[in-house]
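Asker: The primary structure of each chain is shown beneath.
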Amino acid sequence: MNRVAPRFESATTGVAAPPVEAVQFRAHLTRTRMVAALGGLSAVTVIIAGIAITCGSMHIDLARALTDAASPDRAILVGVRVPRVLIGLIVGGILAAVGVALQALVRNPLAEGGILGISGGGALGAVAATVLFAHVAAIDLVVPVAAFAASLAATAAVYRLAQVEGRLEPFTLLLVGVIFNSIWAAAIMLVNSVVNFFFTHSIIFWLMGSFEAPTYREVGLVAIVGVAGFTVLLGQAHEMNLLSLGDDDAHELGVDVTFVRRLIFVTTSIMIGAAVSVSGIITFVGLIVPHVLRSLLGPDHRLLLPASILGGAAFTAAADLIARVVIAPAELPVGAITALCGGPFFIWVLRRHGRRALAL
Amino acid sequence: MKRAGADAAPAVQVVAIDAGYGGRTVLHDVSLEAQPGELLAILGPNGAGKSTLLRVLAGTLKPTRGAVTIFGRALERYERRELARTVAIVAQENLVAFPYSVIEIVLMGRAPHLGSFRLETAHDLAVAAAALRQFDLLELADRPIHEVSGGERKRVFLARAMAQEARVMLLDEPTAYLDLRHVADIFAGFHRLCRESGMTIIVTLHDLNAAALYADRVLILKSGRCAGYGPPAETLTGERLSAVYETDIQVMRSPSGRVFIVHSEQSRIKQ
Chain A
1 MNRVAPRFES ATTGVAAPPV EAVQFRAHLT RTRMVAALGG LSAVTVIIAG
51 IAITCGSMHI DLARALTDAA SPDRAILVGV RVPRVLIGLI VGGILAAVGV
101 ALQALVRNPL AEGGILGISG GGALGAVAAT VLFAHVAAID LVVPVAAFAA
151 SLAATAAVYR LAQVEGRLEP FTLLLVGVIF NSIWAAAIML VNSVVNFFFT
201 HSIIFWLMGS FEAPTYREVG LVAIVGVAGF TVLLGQAHEM NLLSLGDDDA
251 HELGVDVTFV RRLIFVTTSI MIGAAVSVSG IITFVGLIVP HVLRSLLGPD
301 HRLLLPASIL GGAAFTAAAD LIARVVIAPA ELPVGAITAL CGGPFFIWVL
351 RRHGRRALAL
Chain B
1001 MKRAGADAAP AVQVVAIDAG YGGRTVLHDV SLEAQPGELL AILGPNGAGK
1051 STLLRVLAGT LKPTRGAVTI FGRALERYER RELARTVAIV AQENLVAFPY
1101 SVIEIVLMGR APHLGSFRLE TAHDLAVAAA ALRQFDLLEL ADRPIHEVSG
1151 GERKRVFLAR AMAQEARVML LDEPTAYLDL RHVADIFAGF HRLCRESGMT
1201 IIVTLHDLNA AALYADRVLI LKSGRCAGYG PPAETLTGER LSAVYETDIQ
1251 VMRSPSGRVF IVHSEQSRIK Q
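Residue numbers (our numbering), protein chains in the order written: chain A, 1 to 360; chain B, 1001 to 1271.
What the hints contain is simulated information worked out from the structure, not anything from laboratory work. Keep in mind that the hints are not guaranteed to be accurate.
[Unchecked claim] So, partial list: chain B residues that the calculated Cβ filter (under 10 Å) puts toward chain A:
1) Ala-1058
2) Gly-1066
3) Val-1068
4) Leu-1083
5) Ala-1091
6) Asn-1094
7) Tyr-1100
8) Ser-1101
9) Ile-1103
10) Leu-1107
11) Met-1108
12) Arg-1118
13) Leu-1125
14) Leu-1170
15) Leu-1178
16) Asp-1179
[To be verified] Under the rule of at most 25 Å between Cα atoms (straight-line distance), these lysine to any residue pairs were calculated in the SDA-like manner:
17) Lys-1062(B) to Phe-230(A)
18) Lys-1062(B) to Gly-246(A)
19) Lys-1222(B) to Val-1262(B)
20) Lys-1222(B) to Glu-1033(B)
21) Lys-1062(B) to Leu-168(A)
22) Lys-1062(B) to Phe-259(A)
23) Lys-1062(B) to Glu-165(A)
24) Lys-1062(B) to Gln-163(A)
25) Lys-1062(B) to Gly-166(A)
26) Lys-1062(B) to Leu-105(A)
27) Lys-1222(B) to Glu-1234(B)
28) Lys-1062(B) to Arg-1143(B)
29) Lys-1062(B) to Arg-160(A)
30) Lys-1062(B) to Val-260(A)
31) Lys-1062(B) to Arg-262(A)
32) Lys-1062(B) to Leu-221(A)
33) Lys-1062(B) to Gly-1023(B)
34) Lys-1062(B) to Gly-1072(B)
35) Lys-1062(B) to Ile-183(A)
36) Lys-1222(B) to Val-1251(B)
37) Lys-1062(B) to Arg-1118(B)
38) Lys-1222(B) to Ser-1256(B)
All C-beta atoms in this analysis are idealised placements derived from N, C-alpha and C, irrespective of residue type, glycine included.
All chains, please: the whole structure from these sequences, using the hints.
Answerer: Below, the structure written as structure tokens:
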């Protein structure tokens, strides 16, 4: 062959082992980058958690709370602040991790539990269980299970309806989510209007999203589900990278696509069910946090996912702190804060990237 | 990794397969064989079943009849990741959902060699660097994939397949977006890969002249059936091609034996 192009190096081809070269690339994941990013985010999370525990609508003396077991300061710290901050951290981590996983699954950076109507479905399940099983002793287990089952059904329905000729159409997906959210909200209001007004407060709680007065039992439940969910999702982080290339390419690179899809579906549904059952619908955390971190750290899910768990925890704890202090002694639902930040942010992302954000 | 030539079995063997989608049969009774070190071109008009055949070879689509073996072993008996280390595929469309860099995409080719929680090692980076150099992409390595041109993106995906270190490459229209120099570069590179590394390359093509020039064997499909199979010099005849493509195609030979395929309806307009 005399048309050999000069650009090709001879000898080193894919099959023969290439020599180790000193070529440096910047734009890929390294251990140094992982350690720096996750270390930094951990520090931010710890600082925000510290501030959130110290500040609130009531001033407490931290020294007295730590030393005097009988003091009201101690009662507020241990009975109110700590569980509330803990649940904010865990739920925030869950929401952001689920956002990342769903975005990878549907290859759409605007996917998120709240936006796709999955949290709404879960909330409807929780409301229905609260009303129907009000007299069941194990109500605090029935509600999360109902929330999970409803989240799973909502996930399956959104996914099925957004498929156009076997392909997931990104804008259809978002539209289906918008429509689902309206339907869930209407159904919840319907339940609200037919039942005893005794339930109204808890129904509003689910609609607005709040970390009001969690018990340690609730903290424990959501922590267990959260940690288990994080572990499962982190185990699929590299598969999420490969899914970004499309199902066929992921399959051809050795990913069991059907299994990974189902695993992510069920795991995220359980996680959202747990989050919703303790805090109601909190939207946009799963959109804002991964989006900001993706632009700072790159799209590799092996870093993006753990970073988003930490970032989501910090962001949500901070949002809840604002919700508690901004109109103290009254408080705002945290869901209102995240939606007030997230709505404009969503529009900004959509306008800025347009179809390119959905590069499909 | 075993060197080619040590295997007596053909790299890829397809025996009398039928395949299709949801009851609609696209391929009827197709067979082929590619030895280690061979470049086989699959030709045929749009909708003839070329991409479907590649999907069957990739294991993405199960044939409804017949058998596919890779190095003498049935395709379905390969473990998923083992198959990914043996066969690399570059699809016609190369989608990327998030702003990965070029080097990140190429490193994804290392996935079948990687453990679940592991990061790429220096060796993986060296393999990726060699693949980038092969496709003239070293300067683009850190660029986001969405900022490179269509031809560059195609080369990125070819480099990803290279980084997979497979012994069989399946390429669906790899030259569709490429300019002439890169088409020549890439085919020269494929040729060398086949000769020097014993790589088997199966490629679907619209460019009949490229097939005549570079392929060791061609398979011509029409409406999902085999319409010709063998060395290009004997298989690519004007009569056969005209029948397959339903337009007037002439095959000319230079004194040196090179084959030129001319679409003569076009040349008639020019005259």
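Asker: Run through the hints listed earlier and report the numbers of any the structure violates, in increasing order.
Answerer: Violated hints: 2, 3, 15, 16, 17, 28, 32, 35, 37 and 38; rest satisfied.
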